[in-house]
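Peer 1: Residue numbers (our numbering): 1 to 207.
Please note: incorrect hints may appear among the correct ones.
FRET-style restraints, in silico, Cβ to Cβ [to be verified]: (1) T69 <-> A132: 32 to 42 Å; (2) D17 <-> G121: 30 to 40 Å; (3) T90 <-> Q148: 32 to 42 Å; (4) L68 <-> G121: 15 to 25 Å; (5) G121 <-> P44: 14 to 24 Å; (6) P145 <-> S187: 40 to 50 Å; (7) R198 <-> G71: 32 to 42 Å; (8) P145 <-> T74: 19 to 29 Å; (9) S141 <-> P24: 19 to 29 Å.
Worth flagging that the hints you see were computed from the coordinates, not collected in a lab. These figures come from a predicted structure and were not determined experimentally. Every residue gets a Cβ at the ideal spot worked out from N, C-alpha and C, and that includes glycine.
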Amino acid sequence: MTSVLDLAPVIPVVVIDDAADAVPLARALVAGGLPAIEVTLRTPAAREAIRAIAAEVPDAVVGAGTVLTAGAVTDSVTAGARFLVSPGWTDTLLTAMRDSGVPFLPGVSTASEVVALLERGVSGMKFFPAEAAGGTAYLASLAGPLPQARFCPTGGITAAKAVSYLALPNVGCVGGTWMLPPGALASKDWARVESLAREAAALRTTV
1 MTSVLDLAPV
11 IPVVVIDDAA
21 DAVPLARALV
31 AGGLPAIEVT
41 LRTPAAREAI
51 RAIAAEVPDA
61 VVGAGTVLTA
71 GAVTDSVTAG
81 ARFLVSPGWT
91 DTLLTAMRDS
101 GVPFLPGVST
111 ASEVVALLER
121 GVSGMKFFPA
131 EAAGGTAYLA
141 SLAGPLPQAR
151 FCPTGGITAA
161 KAVSYLALPN
171 VGCVGGTWML
181 PPGALASKDW
191 ARVESLAREA
201 AALRTTV
């Protein structure tokens, strides 16, 4: 099973209020070089958005974010999600994600949570909320005692900060929203989204 961490250096974290925006938004992100797209389950339109992207944007790898329950795991995979991301985890949620058959990133913010996941055979994790939980300094401090853990930091990350995260040996990718400015989404300026996505996709080459 391919890790979510290896899909792309940057994963856009998308909140979609209108499912009609899902396909053009996904096409813009893919065209900009960001094929892995995390659609958060924060709005009523989220599952329909996942379904539309999965059906109409074949080059996209659409996933579900803010996955909190076993039911959400099932619904997301049924809609077409190809990976799952949660802000935290419980044994029940972890079992459901493991049983789903798709890659997943359970969320952590402490060393104890990291150790608990490693104990359960999970080495790929979401570090959330990244900036509030200690940022690059905290992740760097985990690399020594816990080198087998790899992370996708998400939360408060900007284009400028992403470079420092991606330079860490235990960071596979970062999640962010900076390539999705509210003004561009409101005006459906997909060309602007594509341009920002292209800049984000180039970040890996700068570290």
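Peer 1: Of the hints given before, which are not true for this structure?
Peer 2: 1, 3, 5, 8, 9
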